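A.B. asks: Chains A and B are the protein sequences, given in the same order. Sequential numbering of the first sequence, starting at 1, is according to my numbering. Sequential numbering of the second sequence, starting at 197, is according to my numbering.
Don't take each hint at face value.
[Claimed, not checked] Cut-off 27 Å, straight-line C-alpha distance, at most; resulting in silico cross-link-like pairs (DSS-like, lysine-lysine):
#1 K222/B / K4/A
#2 K222/B / K233/B
#3 K222/B / K5/A
#4 K252/B / K82/A
#5 K5/A / K233/B
#6 K243/B / K233/B
#7 K4/A / K243/B
#8 K233/B / K84/A
#9 K84/A / K222/B
#10 K84/A / K74/A
#11 K252/B / K4/A
#12 K84/A / K243/B
#13 K84/A / K4/A
#14 K82/A / K5/A
#15 K4/A / K233/B
#16 K233/B / K82/A
#17 K82/A / K222/B
#18 K187/A / K252/B
#19 K74/A / K252/B
#20 K252/B / K222/B
[What the hints assert, rightly or not] Here's a subset of chain A near chain B, in silico, CB distances under 7 Å, partners left out:
#21 K49
#22 N53
#23 R75
#24 D76
#25 F90
#26 S171
#27 Q183
To be clear, the hints were calculated from the coordinates, so they are not data collected in a lab. Just so it is clear, the structure is predicted and the values come from calculations on it, not from any experiment. For glycine and all other residues, C-beta sits at the position ideal for the given N, C-alpha and C.
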Amino acid sequence: MKGKKRWYDYLWIASLAYLLLGFCNILFAWLGLLCFFLPLLIAIAGGSKAYCNRYCGRGQLFSLLGGRFGLSRKRDIPRWMKSKGFRYGFLLFFFAMFFQMLWNTYLVFAGVQDLRQVVTLLWTFRLPWHWAYHGTLVHPGVAQFAFGFYSVMLTSTVLGLVTMVLFKPRSWCVYCPMGTMTQLICKARCGSTKGL
Amino acid sequence: MGTTSRRLRKARVDQGSCVACGCCVKVCPREAIQIVKGIAARVDLDKCVGCGRCAKECPATVITMEEAAV
Ligand code: SF4
Ligand code: SF4
Ligand code: SF4
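Please model the entire structure based on the sequences and the hints provided.
C.D. replies: Here you go:
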């Protein structure tokens, strides 16, 4: 796999651009749905983790920063972090947070709750982000989803960066909910892990 | 690393703990690793030259370098 680079080896640029665009205009956060549906589609229809193995820009970004730029201690991650319990538990937690985000979006759509122009980091810290919202062209609910989705993306990037520095560059990939979910789908498709 | 022991070593993946991220595939100079069906990595022992790059890269540290009878 060494040697000539292909177009998909540069998708880390897209990941970086995504974060920057969301900083300028939060509505770009909607593009992040691609990183959500593409891996699932590839896993469900193709039965592979080609998204992780090839196209994931975030993984590439961590490889680059942690590898080429040396921003990683390159230590082994703790055993509990790679245990099935933690990986599946984190996936469930992530799902719960995701549905809460959808619920908040619904509340804004329903007019029960006002748009909150904040990006929530690590499900706790509310960062002001009003500069990235420019007005009333779209329904506030559309913007609420964008704020929520961007929060998810920023949170996972930050977590990924922290474990990149502490452990190996792509430690995030061990507990990344998308990675865990696509692997589960592939396993389910095969019925068993036999015959590998 | 001595060259004699190096030639005898092969990468072995603990497939039950592999997360199928594919980091190992990207660093292998011999294209000796594949991700099979999105479930786990598999090493082609005929192609593996035992360089150990995959083991170093693997974020889950599930690749070990083991002596193999060649
Ligand atoms: S595990 Fe997550 S971050 Fe890693 S390559 Fe797959 S989708 Fe990307
Ligand atoms: S790098 Fe490790 S966890 Fe990832 S696919 Fe290879 S063996 Fe599996
Ligand atoms: S030890 Fe080297 S040649 Fe063998 S599978 Fe790993 S990276 Fe490839």
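A.B. asks: Indicate, hint by hint, whether the structure satisfies it.
C.D. replies: Against the structure, the hints:
no.	hint	result
1	K222/B / K4/A	holds (12 Å)
2	K222/B / K233/B	holds (17 Å)
3	K222/B / K5/A	holds (11 Å)
4	K252/B / K82/A	holds (16 Å)
5	K5/A / K233/B	holds (24 Å)
6	K243/B / K233/B	holds (20 Å)
7	K4/A / K243/B	holds (20 Å)
8	K233/B / K84/A	holds (19 Å)
9	K84/A / K222/B	holds (24 Å)
10	K84/A / K74/A	holds (22 Å)
11	K252/B / K4/A	holds (22 Å)
12	K84/A / K243/B	violated (31 Å)
13	K84/A / K4/A	violated (36 Å)
14	K82/A / K5/A	violated (30 Å)
15	K4/A / K233/B	holds (25 Å)
16	K233/B / K82/A	holds (20 Å)
17	K82/A / K222/B	holds (21 Å)
18	K187/A / K252/B	holds (26 Å)
19	K74/A / K252/B	holds (9 Å)
20	K252/B / K222/B	holds (12 Å)
21	K49	holds (4 Å)
22	N53	holds (3 Å)
23	R75	violated (9 Å)
24	D76	holds (5 Å)
25	F90	violated (12 Å)
26	S171	holds (5 Å)
27	Q183	holds (5 Å)
Hint compliance for this structure: hints 12, 13, 14, 23 and 25 are not met, and every other hint is.
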